[in-house]
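With the sequences and hints as input, model every part of the structure.
Heads up: the protein sequence lines correspond to chains F and P, in order. Mind the numbering: the first sequence is residues 263 to 801 in the numbering used here, read in order. Mind the numbering: the second sequence is residues 263 to 801 in the numbering used here, read in order.
If you're looking for bench data, these hints aren't it; they were derived computationally from the structure. Since the structure is predicted, the reported quantities are computational estimates derived from the model, not experimental observations. Be careful, since some hints might not be right.
Derived lysine to aspartate or glutamate pairs resembling EDC-like cross-links, with alpha carbons at most 16 Å apart [said to hold, decoys possible]:
| # | chain 1 | residue 1 | chain 2 | residue 2 |
| --- | --- | --- | --- | --- |
| 1 | P | Lys-442 | F | Asp-628 |
| 2 | F | Lys-599 | F | Asp-628 |
| 3 | P | Lys-575 | P | Glu-543 |
| 4 | F | Lys-595 | F | Asp-788 |
| 5 | F | Lys-755 | F | Glu-793 |
| 6 | F | Lys-741 | F | Glu-701 |
| 7 | P | Lys-515 | F | Glu-482 |
| 8 | F | Lys-339 | F | Asp-327 |
| 9 | F | Lys-515 | P | Asp-479 |
| 10 | F | Lys-527 | F | Glu-567 |
| 11 | P | Lys-527 | P | Asp-479 |
| 12 | P | Lys-331 | F | Glu-445 |
| 13 | P | Lys-629 | P | Asp-479 |
| 14 | F | Lys-442 | P | Glu-333 |
| 15 | P | Lys-515 | F | Asp-479 |
| 16 | F | Lys-515 | P | Asp-792 |
| 17 | F | Lys-442 | P | Glu-329 |
| 18 | P | Lys-740 | P | Asp-768 |
| 19 | F | Lys-595 | F | Glu-686 |
| 20 | F | Lys-705 | F | Asp-788 |
| 21 | P | Lys-704 | P | Glu-567 |
| 22 | P | Lys-442 | F | Glu-333 |
| 23 | P | Lys-442 | F | Glu-534 |
| 24 | P | Lys-331 | F | Asp-792 |
| 25 | F | Lys-705 | F | Glu-568 |
| 26 | F | Lys-704 | F | Asp-571 |
| 27 | P | Lys-442 | F | Asp-768 |
| 28 | F | Lys-575 | F | Glu-543 |
| 29 | F | Lys-331 | P | Glu-686 |
| 30 | F | Lys-756 | F | Glu-793 |
| 31 | F | Lys-442 | P | Asp-327 |
| 32 | F | Lys-323 | F | Asp-298 |
| 33 | F | Lys-331 | P | Glu-451 |
| 34 | P | Lys-593 | P | Asp-690 |
| 35 | F | Lys-442 | P | Asp-332 |
| 36 | F | Lys-450 | F | Glu-329 |
Residues from chain P shown here face chain F by an in silico Cβ test under 7 Å; the list is partial [as the list claims (entries may be wrong)]:
| # | residue |
| --- | --- |
| 37 | Ala-285 |
| 38 | Lys-323 |
| 39 | Leu-330 |
| 40 | Ser-462 |
Each residue gets a CB set at the ideal place from its N, CA and C atoms; glycine is no exception.
2 protein chains.
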Amino acid sequence: MLFTMETHLNGDTCGPTVDVHAAETFIQSAMEIILDEAVKRGTNVREKVKSVSGTPPEQLKELLDLELKDEGESESKILQRCRDAIRYSVKSRKKYSTVSKFCGQERTVFKGVGVSDTDYDKHLFSVIPVAHPRFFNQLYAGLEPYSMVASFITEALKPSVYTYEVAPVFTLMENAVLRKMIEVVGWKEGGDGIFNAGGSMSNMYAVNLARYRHCPDIKEAGLSAAPRLVILTSQECHYSISKAAALLGIGTKNVYVVPSDKRGKMIPSALEEQIKTAKNEGAVPFMYVNATAGTTVLGAFDPIEEIADICEKYNLWLHACWGGAALMSQKHKHLLKGIHRVDSVAWNPHKMLMVCLQCSAFLVRDKTSLLQRCHSARASYLFQQDKFYDVSYDTGDKSVQCSRKPDAFKLWLMWKALGTRELEQRVDRALAMARYVAEEIKKREGFRLLMEPEYANVCFWYIPPSLRKLPDGPELWKKLHTVAPMVKERMMKKGSMMVSYQTHRDKPNFFRMVVISPQISTADLDFALDEIHNLGRDL
Amino acid sequence: MLFTMETHLNGDTCGPTVDVHAAETFIQSAMEIILDEAVKRGTNVREKVKSVSGTPPEQLKELLDLELKDEGESESKILQRCRDAIRYSVKSRKKYSTVSKFCGQERTVFKGVGVSDTDYDKHLFSVIPVAHPRFFNQLYAGLEPYSMVASFITEALKPSVYTYEVAPVFTLMENAVLRKMIEVVGWKEGGDGIFNAGGSMSNMYAVNLARYRHCPDIKEAGLSAAPRLVILTSQECHYSISKAAALLGIGTKNVYVVPSDKRGKMIPSALEEQIKTAKNEGAVPFMYVNATAGTTVLGAFDPIEEIADICEKYNLWLHACWGGAALMSQKHKHLLKGIHRVDSVAWNPHKMLMVCLQCSAFLVRDKTSLLQRCHSARASYLFQQDKFYDVSYDTGDKSVQCSRKPDAFKLWLMWKALGTRELEQRVDRALAMARYVAEEIKKREGFRLLMEPEYANVCFWYIPPSLRKLPDGPELWKKLHTVAPMVKERMMKKGSMMVSYQTHRDKPNFFRMVVISPQISTADLDFALDEIHNLGRDL
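Here it is, written out as structure tokens:
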């Protein structure tokens, strides 16, 4: 029970209960911990190398002392819990020191400094931080200081973006960012949009809007009297399409999968065939969701122009998602040729643009307030029409959420700080790094690319020496299938880095390295390949 | 283009591009601004009184210089933008000084101190901050330092809670908090749950789970072959139920509204009638969503026991939402009598428990992994079944989101710091304050309660002297209808506080004051009533 000043009123306690001065001291101390532990330790490969390990859940539970009790704890104890939450997520071990190459030059990776790690060293624990240069596990990575500061500001101010009156600054910033993103997509006549809690939600919005455009009556009447609606998507689509189909009452089996070629690109003629199949069955295909711009697994780009032609022919809504960042680059935006023709886009700046999680925009080409009409419920207690300002700035009714975080501010502040040109250079740099690691893989014995990477995802096998003599065939594939999980387990227990693995169609388990942080150096990539070899050479 | 160290590789630039030392300095400076501007100025009514004003969007746009350009800006400029974002959201005017009563004692409200406000004073601007003691506009308020610090930590670490391997600490904390909340709800045999991006999403989850329990085939087959499903809800329900029905393909007109009595409580016999009506029409009522525990407008509690009896009789899923905080209080939990009988609960600790936005739990009584089965898509690239740890800790497939923020950590840290007992006292204190303002309203001439408040929402009219002689009837109601919007406009332009207004059924516009921050004092409440009178006396 901290910061509390008890006051009483007719036998009942009354406020204020929070002593703001005491709270300030606490916040200040906590901020120092965050800066020391999360920012400095979490990111700086040049000062020390992280070494973290996988701890079983039961053991970590005990270390964290999770139980919530009747009595509160002291300030110092709570500050220690902050430190613990960070340290058990971001482990630094002192004894590790090495020399590695950094863009051709040798550099010393120093030993850990600062607070003693003794207590933490006793235990095995957990995960390499997302912000660390050796995190290649997911489609997001890196520490981005501007968006981090912006998120601190919004946390401290607690605004929720639904009406202009409660969040005027952030409403306008969202508006400005959306307009800029629409410009980058190339919708010359403008468009509409909203920031959401993640890309999966943006994809759901796309499905809902497509359905609403197809038949606005469904909003009121529901689907029970409607014909069977069919969504078409690529074989390589993200699982959120399936989740959206289930949630929206369309049904997962009404997601018709369009085959893709060996590189993971959807085959346009197959799309037309599937549309015809659906129609012959008496179903109503109403959208192609996912002109996937950088598929989840292989990082492939679908041929948007050809897909757009077919969608126009059959009056299908066309939705594209993910690799929006490529649009920032003059060098790479050809990958998204035709993007201006899609009806909607899910663009997640929390991925390659590195904005703090979450920052996910849903953009729509429509200019007739389809987004508002599709989602509005017109709550009288929020969206009064007799307000004294232009109520078109009350954007909340475009969302299916009620309280909504001002995620756009994170992108806005970062964009202001870096400018469009630097954002472009970051994208180019990350893709150059992906290119670098692909070339390294080709040079190294025992490494084999699944295919030339088109984007930031580099997929490859590591073949241990014991398997290298085996001919291509079922025996090799069966044995190879066990290698990546074993290497991953060792990697997590040692805590040297994070690289994901998986299967794809008939392919045995392979590594999927996602290279999107511009903080990554060639030395980090060399380290990753060396480390896979070190961890797997005896298998 | 800050913090950047250019390096080159075969003509391409390579990383790392972020100079972590420079980034640290920036973050440190920004943190000081946040502490000075958002925390100290934003909350402390005892040092200075906020005075903020409504600025039209076009004017604020210019002040903010929103455009995103090719070139980046200097560090000092970006820090200034951080200051602006806060100040234009949180305005402090120096000249304001007053003496007011604080729990019966006079106190001086000091003039503003610190950084010069000259530049800001030139302009009219915006909104009173959510964290300020004079914000009564929405169902959330106040500054809660522990959850704020927790959110800073998660922003700095950037974890996404979908697999144990990427967020072990936060996965376990979420688990611990959910178990505790389930205990508080009173499900003796346990249950399941997940944190979501807001209560609207939790309500959607409830609809989806109810539908899945009713007919699991809908997940795959969709609704086109299904009978017409009907959701029953109270007349007083939150608009998110309507949004959920639209999004989930059920249709807004298949939300059957059950009348409530004058106090806003749903009438159980009317529920049974509506169920029969739906059945007679050949439709399938499958859930009663919203045993509303504290309705949005009037703050009324539905009679859960009676509703539960009816739901059991007709095999309807029963979902309850919002006023979960009352469960923390021995004194007030009788309001939620029968809550242990509901099938699911949406509980938003970002409301009365004051956790930083968003913090919203969806709890479900089911123990057969209904949540997982309903939402899972089993993405092979995330939820590999051959991992070396217990994959039941990979909770991501319970969600329809992919990346998901560890919002539970905010509640966990706050609960650790305060303990259950202090949380209870805060709830009691806020409700005592709501009681206080209701009594004050009854004492004051020209103020009239809509009804005795049952919870934190106090709904009332202010009748200016010119209308006080009019008899109750259409002429008075018509004139009264214009009073609250006028007072609200003046309040926003002056910037003295934030109180919401609205209509309800045939009632003309009234004020809805939501008293949930334990930081509020009786002096703040007196001020609010005085101010409404001052702003509206000439109408």
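Each hint, compared with the structure:
1. Note on P/Lys-442 and F/Asp-628: the hinted pairing is violated, with a Cα-Cα distance of about 46 Å set against a maximum of 16 Å.
2. For the hint linking F/Lys-599 to F/Asp-628, the alpha-carbon distance of about 20 Å lies beyond 16 Å, and the restraint is violated.
3. With a CA separation close to 19 Å, the supplied pair P/Lys-575 and P/Glu-543 exceeds the 16 Å bound.
4. About 28 Å separates the Cα atoms of F/Lys-595 and F/Asp-788, which puts this hinted pair outside 16 Å; it is violated.
5. Simply put, F/Lys-755 and F/Glu-793 have alpha-carbon atoms about 13 Å apart, close enough for the 16 Å limit, and the pair holds.
6. With a CA separation close to 25 Å, the supplied pair F/Lys-741 and F/Glu-701 exceeds the 16 Å bound.
7. Proposed proximity of P/Lys-515 and F/Glu-482 is supported: the alpha carbons are some 5 Å apart, at most 16 Å.
8. At most 16 Å may separate the alpha-carbon atoms for a hinted pair to count; F/Lys-339 and F/Asp-327 meet this at roughly 12 Å.
9. Under the criterion of a C-alpha separation no larger than 16 Å, the hint pairing F/Lys-515 with P/Asp-479 is consistent with the structure, at around 10 Å.
10. Our distance criterion of 16 Å between C-alpha atoms is met by F/Lys-527 and F/Glu-567, whose separation comes to about 13 Å.
11. Taking the CA atoms of P/Lys-527 and P/Asp-479, the gap is about 35 Å. The hint is violated against a cut of 16 Å.
12. Our distance criterion of 16 Å between C-alpha atoms is met by P/Lys-331 and F/Glu-445, whose separation comes to about 12 Å.
13. With a C-alpha separation of about 20 Å, the suggested pairing of P/Lys-629 with P/Asp-479 is violated against the 16 Å cut-off.
14. Our distance criterion of 16 Å between C-alpha atoms is met by F/Lys-442 and P/Glu-333, whose separation comes to about 14 Å.
15. Our distance criterion of 16 Å between C-alpha atoms is met by P/Lys-515 and F/Asp-479, whose separation comes to about 10 Å.
16. A distance of roughly 61 Å separates the Cα atoms of F/Lys-515 and P/Asp-792; the hinted pair therefore is violated under the 16 Å criterion.
17. With a CA separation close to 8 Å, the supplied pair F/Lys-442 and P/Glu-329 stays within the 16 Å bound.
18. Of the pairs offered as hints, the one joining P/Lys-740 and P/Asp-768 holds, with about 11 Å between alpha carbons and a cut-off of 16 Å not exceeded.
19. Between F/Lys-595 and F/Glu-686 the CA atoms are separated by roughly 10 Å; this keeps the pair inside 16 Å, and the hint holds.
20. A hinted pair counts as satisfied when its Cα atoms are at most 16 Å apart, and F/Lys-705 with F/Asp-788 qualifies at roughly 12 Å.
21. Distance check on the hinted pair: P/Lys-704 and P/Glu-567 sit about 32 Å apart at the alpha-carbon level, beyond 16 Å; violated.
22. Annotation: proposed proximity of P/Lys-442 to F/Glu-333 holds, straight-line Cα distance about 14 Å (limit 16 Å).
23. The hinted pair formed by P/Lys-442 and F/Glu-534 fails the criterion: a straight-line CA distance of about 53 Å is larger than 16 Å.
24. A hinted pair counts as satisfied when its Cα atoms are at most 16 Å apart, and P/Lys-331 with F/Asp-792 does not qualify at roughly 41 Å.
25. In summary, the hint linking F/Lys-705 to F/Glu-568 is not supported, as the alpha carbons are separated by about 36 Å, beyond the 16 Å threshold.
26. Pair hint F/Lys-704 plus F/Asp-571 does not hold up; C-alpha atoms about 37 Å apart against a cutoff of 16 Å.
27. At roughly 44 Å between alpha-carbon atoms, P/Lys-442 and F/Asp-768 are farther apart than 16 Å, so this suggested pair is violated.
28. Between F/Lys-575 and F/Glu-543 the CA atoms are separated by roughly 19 Å; this puts the pair beyond 16 Å, and the hint is violated.
29. Taken as a hint, the F/Lys-331 and P/Glu-686 pair is honoured in the structure, with Cα atoms around 12 Å apart against an allowance of 16 Å.
30. For the given pair, F/Lys-756 sits about 11 Å from F/Glu-793 by alpha-carbon distance, which is consistent with the 16 Å threshold.
31. Between F/Lys-442 and P/Asp-327, the direct Cα distance comes to roughly 14 Å. Compliance with the 16 Å bound is thereby established for this hinted pair.
32. A hinted pair counts as satisfied when its Cα atoms are at most 16 Å apart, and F/Lys-323 with F/Asp-298 does not qualify at roughly 24 Å.
33. Restraint check for F/Lys-331 and P/Glu-451: not satisfied, since their Cα atoms lie roughly 20 Å apart, outside the 16 Å limit.
34. Straight-line distance between C-alpha atoms of P/Lys-593 and P/Asp-690 comes to about 7 Å, which keeps the hinted pair within the 16 Å bound.
35. Simply put, F/Lys-442 and P/Asp-332 have alpha-carbon atoms about 11 Å apart, close enough for the 16 Å limit, and the pair holds.
36. A threshold of 16 Å between alpha carbons decides the hint, and for F/Lys-450 with F/Glu-329 the separation of about 55 Å lies outside it, so the pair is violated.
37. Interface restraint check for P/Ala-285: the shortest CB-CB distance to chain F comes to about 4 Å, inside 7 Å, so the restraint holds.
38. Because the beta carbon of P/Lys-323 sits about 5 Å from the nearest beta carbon in chain F, less than 7 Å, this interface hint is met.
39. For P/Leu-330, the interface hint holds, the least distance from its beta-carbon to any beta-carbon of chain F being 5 Å, beneath 7 Å.
40. Taking 7 Å as the C-beta cut-off, the interface hint given for P/Ser-462 holds, the closest approach to chain F being about 4 Å.
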